[in-house]
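There are 2 protein chains.
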Amino acid sequence: MSNPRYTLAILGGTGNEGPGLALRWAKAGHKVIIGSRQAEKGERVAAEINARLGAALVVGMTNEDAARACDVAALTVPYAAQNPLLESLQDVLQGKVLINVTVAMQPPKVARVYIPPEGSACEQAQALLGPGVQVVAAFQNVGAHNLEDPEQPLNCDVLVCGDSKEAKAVAIGLAEDLGTRGIDAGPLVNAKVVEGLTSVLIGINIRYKVPGAGIRITGLPE
Amino acid sequence: MSNPRYTLAILGGTGNEGPGLALRWAKAGHKVIIGSRQAEKGERVAAEINARLGAALVVGMTNEDAARACDVAALTVPYAAQNPLLESLQDVLQGKVLINVTVAMQPPKVARVYIPPEGSACEQAQALLGPGVQVVAAFQNVGAHNLEDPEQPLNCDVLVCGDSKEAKAVAIGLAEDLGTRGIDAGPLVNAKVVEGLTSVLIGINIRYKVPGAGIRITGLPE
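Order-wise, the sequence lines are chains F and X. Going by my numbering, the first residue of the first sequence is number 93, and it counts up by one from there. Going by my numbering, the first residue of the second sequence is number 93, and it counts up by one from there.
Think of the hints as simulated: they come from the structure by calculation, not from any bench. Wrong hints could be hidden among the right ones.
The list treats identical chains as interchangeable, and a pair is accepted whether it falls inside one copy or across any two copies.
[Unchecked claim] Here are the simulated EDC-like cross-link-like pairs (lysine to aspartate or glutamate), alpha carbons at most 16 Å apart as the crow flies:
hint, residue 1, residue 2
1, Lys301, Asp276
2, Lys301, Glu314
3, Lys188, Glu156
4, Lys301, Glu258
5, Lys201, Glu268
6, Lys133, Glu243
Model the full assembly from the supplied sequences, consistent with the hints where possible.
Now the structure itself:
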């Protein structure tokens, strides 16, 4: 792998998606921080991941300390938690890349595509944080189920949207470090589709009784 | 194939997408009508398709005559043409399934996802036509390039959204008749994502210099 190594904060990293991402990124050589509301919870989840890794590669902190310490942050919180958390981290995230994994949805109707007035959770995040933070949409369509076994290559592509080419390159590199392909899916306004696809995939999981439907882009060179 | 055979009208069928769909559906045993604003244009395109088929299987008519004669209609017009055409066909389409291939977009920015106030072209069509017409979103992500050679299986899935299970089954059968898989992607509100994916794929075609990117759903049984 020739992609850069980062200090990565996974904000809200104790949920469904965070530990699987942390495990794979730590294995790929990144320094990974699990951020949580309580430092103890972040530390506990980091210890669980380290036990699986067989090495103390991941640490736990509060979200604020994690955001301060990182080069690149990934946000994996439920939609309702996004704006309050980002408001509290607005200052410490300035100058950084924020990879937003959050999906705008209206529980309990999570299989129904929801477009908020701002267009998407990612567009909301960019508006809230201002131009000093480069928000990128990515990893929304990678189900937690697919991350479970780090020896298994991911059976899905990662669509990446954003208004900064450099920030998209960071996310595309991190997709490769998960063992799959990151694809430039255009400007941040296109995050509507990437987020909405998550609801479509949840519905497909239910209707077709599968644990982790995903998407691949066809027609690209291998 | 055990799917039903229909009399299919392809409304606005003389554009990029219509002839490729017509060719494959005619080969699969459907009676296909190319609808156009001018009957002569529909007849000319039908004759071109028949020449490729080596048999007179496709006919051309005005959109109105085609809509009147069909069991199932597919709409393949540019977004700006959708509402005027559907207003003129509102009466003759009552009681039928309308498969809407149209994508809401704002030329010239066709690689930028556009969500109209009504949510999507398909939701607009359903609102305009009323509950007597079953509108289904499908085939928006099948690039014309991929339809060209009818001997080649399609290298993409067809996402199908709608509020009627029966109407979705019609579209899923027609996807199978194209040589691919139709997937139930949920209610018609989810058409936002299926339409928006077209803009994402157009952008991918441009950025990755490929003629016809498409999507596949992973994680389903073969």
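These are the hints, each one checked on the structure:
| no. | hint | result |
| --- | --- | --- |
| 1 | Lys301 - Asp276 | between (30 Å within a copy, 12 Å between copies) |
| 2 | Lys301 - Glu314 | between (30 Å within a copy, 13 Å between copies) |
| 3 | Lys188 - Glu156 | within (14 Å within a copy, 57 Å between copies) |
| 4 | Lys301 - Glu258 | neither (39 Å within a copy, 20 Å between copies) |
| 5 | Lys201 - Glu268 | neither (32 Å within a copy, 29 Å between copies) |
| 6 | Lys133 - Glu243 | neither (26 Å within a copy, 57 Å between copies) |
The structure fails to meet hints 4, 5, 6 from the earlier list, while all remaining hints are met.
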